[in-house]
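Participant: Sequence:
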Amino acid sequence: MAAQIGSTRMIDVGEHRLNVWTAGKSGPPVLLVHGIPTNHRLWADVVPAVCGSARVVAVDMLGYGSSPAPDGARVDLAAQAALLVDLLDVLELERVVVVGHDLGGGVAQILATTNTSRVAGLGVVDGVCYDAWPVPLVRAMKAAWPVIDRLPPSAVAAALRPALRSLFAHQERAGRFIDDFVAPWAEPDGPRRLARHLRSLDSVYTQTVAPFLPRLDLPAEVVWGRKDHQMKPEHGERLAGDLPGARLTWVEDASHFVPADRPDVVAEAVLRLVARA
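Each residue of the sequence shown is one higher than the one before, starting from 3 at the first, in the working numbering.
Please note: incorrect hints may appear among the correct ones.
What the hints assert, rightly or not - DEER-style ranges, computed between Cβ atoms: (1) PHE214 - GLY177: 33 to 43 angstroms; (2) ARG11 - ALA75: 31 to 41 angstroms; (3) ALA277 - PRO148: 45 to 55 angstroms; (4) ALA277 - PRO246: 31 to 41 angstroms; (5) GLU270 - SER119: 20 to 30 angstroms.
These are computed hints drawn from the structure, not numbers from a lab. Please read these numbers as outputs of a predicted model, since none were measured by experiment. Built from N, CA and C at the ideal position, the CB exists for glycine as well.
Make a model of the complete structure from these sequences and hints.
Facilitator: Structure below.
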């Protein structure tokens with residue numbers, strides 16, 4: 003994993019604060035959106051390969067990483083997408099290439115279909131879609147949210163580590179990322195925050211926007227790990243078929259965490275979107 007370039011800072015977005023990593027000084031802006039239970043560090047090896055050609059913004063969604071979520075704040079996909087539009091306004095970014103992984107892939111679809119004028123290109127990497135989620139692992143965690151809510155942080159961290167490791171094909175790369183993914187949930191309020199996110203998971207959001215995907219007129223890239231046993235490859239194939247002119251890239255030696263397993267392939271897809279933005 004490369005040393006982090008650029009800078010991270012907390013940005014006020016309305017009544018909320020988001021932790022944002024920015025890198026690159028010129029080129030089209032790119033918004034990178036992670037999933038559950040990760041954060042902006044998912045893109046640690048993608049950003050250095052992209053920021054020479056683009057201005058990259060990798061965000062911790064509300065309640066993830068270092069972005070706090072006040073009691074009562076919505077953390078579902080629709081709310082996260084709306085807050086990211088507000089973030090673009092604060093950063094004075096009129097149009098962006100948006101690329102999302104896992105839940106972030108669902109957020110990216112919502113942005114592209116509901117705020118089309120703000121999206122110059124759409125990338126989905128093993129992203130939630132249609133009614134194909136929550137995936138089995140997360141579905142089990144969602145069912146157990148009342149227990150997770152009461153667990154000590156150390157127990158949550160200990161349970162997450164092997165679960166996350168199973169989603170990597172390149173096990174030699176897993177440990178470095180898992181440390182970054184688990185750390186926020188090992189904080190005192192980590193179990194409560196994780197339980198809150200799990201409760202919010204609902205495929206109604208991606209099902210609602212699915213009929214509008216074939217109407218999109220923008221560059222699209224779908225990248226999928228062949229070894230992803232959670233978000234199955236057939237979902238990526240369907241998504242690419244529904245997005246007009248989308249390029250589908252299979253990553254034979256990657257599982258669910260493709261940005262960590264094969265950041266080079268993800269970076270190439272992002273750069274293709276940048277070139278067409």
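Participant: Take the hints in turn and mark each one as holding or not.
Facilitator: Against the structure, the hints come out as follows:
As the Cβ distance of PHE214 to GLY177 is approximately 40 angstroms, the hint placing it in 33 to 43 angstroms holds. Under the hint 31 to 41 angstroms, the C-beta atoms of ARG11 and ALA75, about 20 angstroms apart, miss the expected range. The given range of 45 to 55 angstroms is respected by ALA277 and PRO148, whose C-beta atoms sit roughly 48 angstroms from each other. A beta carbon spacing of about 18 angstroms between ALA277 and PRO246 contradicts the range 31 to 41 angstroms that was offered as a hint.
As the Cβ distance of GLU270 to SER119 is approximately 27 angstroms, the hint placing it in 20 to 30 angstroms holds.
Hint violations for this structure: numbers 2 and 4, all remaining hints satisfied.
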